[in-house]
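Please model the entire structure based on the sequences and the hints provided.
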Amino acid sequence: MVEMELKRDRVVIRLGTKKWEWTLEPRYWRNTLLWALFLLIAPAVAYFVSPGLINTMISANIYAAIAMPLALMTIGTGRMNFGPQFYIGVGGYTAALLSIAYGWGPLTTLPFAILMSMIAALIFSPLVIMARGLYYVLLTLLLPLVFLEVTFIYTDIFKGDTGLFGIVPLLDTGNANNNFLIIGYFSTAVMFAYLWFINKVLKSRYGLIMAAINDDEEVAHSIGVNINKVKIIAFVAASTLIGIIGWFYAHYFSSFAGITYLPLTFMLKILLVLMIGGRAQVFGCVVGGYFIAFLEMLMIRFMGPIQPLLFPIILLILLFILPEGLFGLYRKRRYREYLPTIHVRR
Amino acid sequence: MTPLLKVSNLVKRFGGIIAVNDVSFEIYKGETLGFIGPNGAGKSTVVNALTGFFPATSGKIELNGVDITHMKPHQRAHMGLARTYQIPRPFPELTALTSVLASSISGKKRINQSFQDAMFDATHYLEFVGLFSKRNILARDLTFYELRMLELARALATTPQLLFIDEVMAGLNPGEAKNAIKMIRKAKEEFGVTVFWIEHVMAVLMEAADRIVAINYGSKLAEGTPDEVVNNDDVIEAYLGRGWREYA
Chain A
1 MVEMELKRDR VVIRLGTKKW EWTLEPRYWR NTLLWALFLL IAPAVAYFVS
51 PGLINTMISA NIYAAIAMPL ALMTIGTGRM NFGPQFYIGV GGYTAALLSI
101 AYGWGPLTTL PFAILMSMIA ALIFSPLVIM ARGLYYVLLT LLLPLVFLEV
151 TFIYTDIFKG DTGLFGIVPL LDTGNANNNF LIIGYFSTAV MFAYLWFINK
201 VLKSRYGLIM AAINDDEEVA HSIGVNINKV KIIAFVAAST LIGIIGWFYA
251 HYFSSFAGIT YLPLTFMLKI LLVLMIGGRA QVFGCVVGGY FIAFLEMLMI
301 RFMGPIQPLL FPIILLILLF ILPEGLFGLY RKRRYREYLP TIHVRR
Chain B
347 MTPLLKVSNL VKRFGGIIAV NDVSFEIYKG ETLGFIGPNG AGKSTVVNAL
397 TGFFPATSGK IELNGVDITH MKPHQRAHMG LARTYQIPRP FPELTALTSV
447 LASSISGKKR INQSFQDAMF DATHYLEFVG LFSKRNILAR DLTFYELRML
497 ELARALATTP QLLFIDEVMA GLNPGEAKNA IKMIRKAKEE FGVTVFWIEH
547 VMAVLMEAAD RIVAINYGSK LAEGTPDEVV NNDDVIEAYL GRGWREYA
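Read top to bottom, the protein sequences are chains A and B. Going by our numbering, the first sequence opens with residue 1, and the numbers climb by one from there. Going by our numbering, the second sequence opens with residue 347, and the numbers climb by one from there.
Fair warning: there could be bad hints in the mix.
[Said to hold, decoys possible] Some but not every residue of chain A turned toward chain B, in silico, with C-beta under 8 Å:
id: 1; residue: Thr17
id: 2; residue: Lys19
id: 3; residue: Glu21
id: 4; residue: Tyr154
id: 5; residue: Ser204
id: 6; residue: Ile209
id: 7; residue: Ala212
id: 8; residue: Asp215
id: 9; residue: Asp216
id: 10; residue: His221
id: 11; residue: Ser222
id: 12; residue: Ile223
id: 13; residue: Asn226
id: 14; residue: Pro312
id: 15; residue: Ile317
id: 16; residue: Leu318
Don't read these hints as lab results, they were simulated from the structure. If you're wondering where the values come from, they're calculated on a predicted model, not measured in any experiment. Ideal Cβ positions, reconstructed from N, Cα and C, are used throughout, including at glycine.
What follows is the structure in structure tokens.
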């Protein structure tokens, strides 16, 4: 059975003929811990300064938590998915419909949201084998738009025009500010969990195999990688992680409307989080998420009516002057990874 | 002696074009089999059919007596087939070390091999081909010769029984080509691989190959020792044209 050994600098786990080693490197933990501490203190500070800031933090965490699985999916399948918000729709509508119909709370609807996202991802997973390049982009781009149309056609079920209301909230302490604070911590925890999991996957042997697939599928196949299996697993796992965010949205706002998440505008925001943060690097997604969420908040507050015009212009300029993203600025100065960062080409 | 790889009546059609027509040959353990033919003879198609990238239209391919005709490329890689490409195809965004590491962890299944163990393996193969000092350089920044060597290291890291080498000399200068040949010989001795070597440069195969198979228009022309094959009239005609005797 499973054997575990603790050595000086690593944990060795054995299962049958398989062996995993987990290197423990506390000297690299400092910055991670500092950032975690900052993100833990920030909501508490915001609670006393301006509770509205927590709302922006929640948005930032959730943007990052959508962008990170998207980065994983892009690397693992070697293709750029332009419709990850489809799975937000699937997870969100599952949670919303079940909660409204049966009065279920968030914990009860979560497994169903996960299951439905997984099933939807499995149904569409052959796309990653059959389509590539522009065709894959077009197909994935169309999926959420088709889903949006469906919510309008079957408006008696999905309430396409008004959205679904009356979903059991994620939390109810009786005080709106306290609710914000606790949900703020919860969203930070979700973001950290995603960050930890996806970073671990990308640094492991599976991440390397995904990087090989991202670089050249055929060669990866010839060196013994079962590319179809890896691509489907990456696609389904990442889609499921995005579906969970849909569940979060539904219960957080107590309402869910496809028109908010399914159109292209929402997708563009996620894409910008991915690119401005740092070219599909997981840590970059967090930087990008916070940058975009706070920029959006500032623009809405101070720019007024010209905000819808200025926001994309600022982002476009940033895309040009920061080819490696915001996280690239940090990495350039402090390169300390023994494994290469996995870039996304397509 | 049972052959390592036995190819019987291999046919590969692309629509109406017959790229490989009824080719049969055997490769024995430990030998170097040269594979020659004029441009467009179907040499690379044979390699693609043997490694599984083009499914054979008909015929049978056996490795150590196991029928691998309908296996996928990755299954064949696990069985012990590895290949290099005519034009190097590195993983451009991975460093030299991680390129080899990727094939070390995904090649033939090895028990009790963790990611870190695979890294040691990869450094060994990289050192073997002389690229250890370039381990942290992205593959896209390597020179052509280094890419060839990286391909060799990547193929060896899957621990193959049979290594397909597709025109290793193309694009190398004489000094580099000499090194490349030396490296393949060393690999054969050190790792005990059997080599299937496609080459345009006859002089190389005359020296290195134990046997040679010549094909033209997808059909086998001749098979035998290098001397027999280069003196075969059909082979000379395939390379020089029909009227070669008038000028001889």
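Hints, one by one, checked against the model:
no.	hint	verdict
1	Thr17	holds, 4 Å
2	Lys19	holds, 4 Å
3	Glu21	holds, 4 Å
4	Tyr154	violated, 41 Å
5	Ser204	holds, 6 Å
6	Ile209	holds, 6 Å
7	Ala212	holds, 4 Å
8	Asp215	holds, 4 Å
9	Asp216	holds, 6 Å
10	His221	holds, 5 Å
11	Ser222	holds, 5 Å
12	Ile223	holds, 4 Å
13	Asn226	holds, 5 Å
14	Pro312	violated, 29 Å
15	Ile317	violated, 26 Å
16	Leu318	violated, 23 Å
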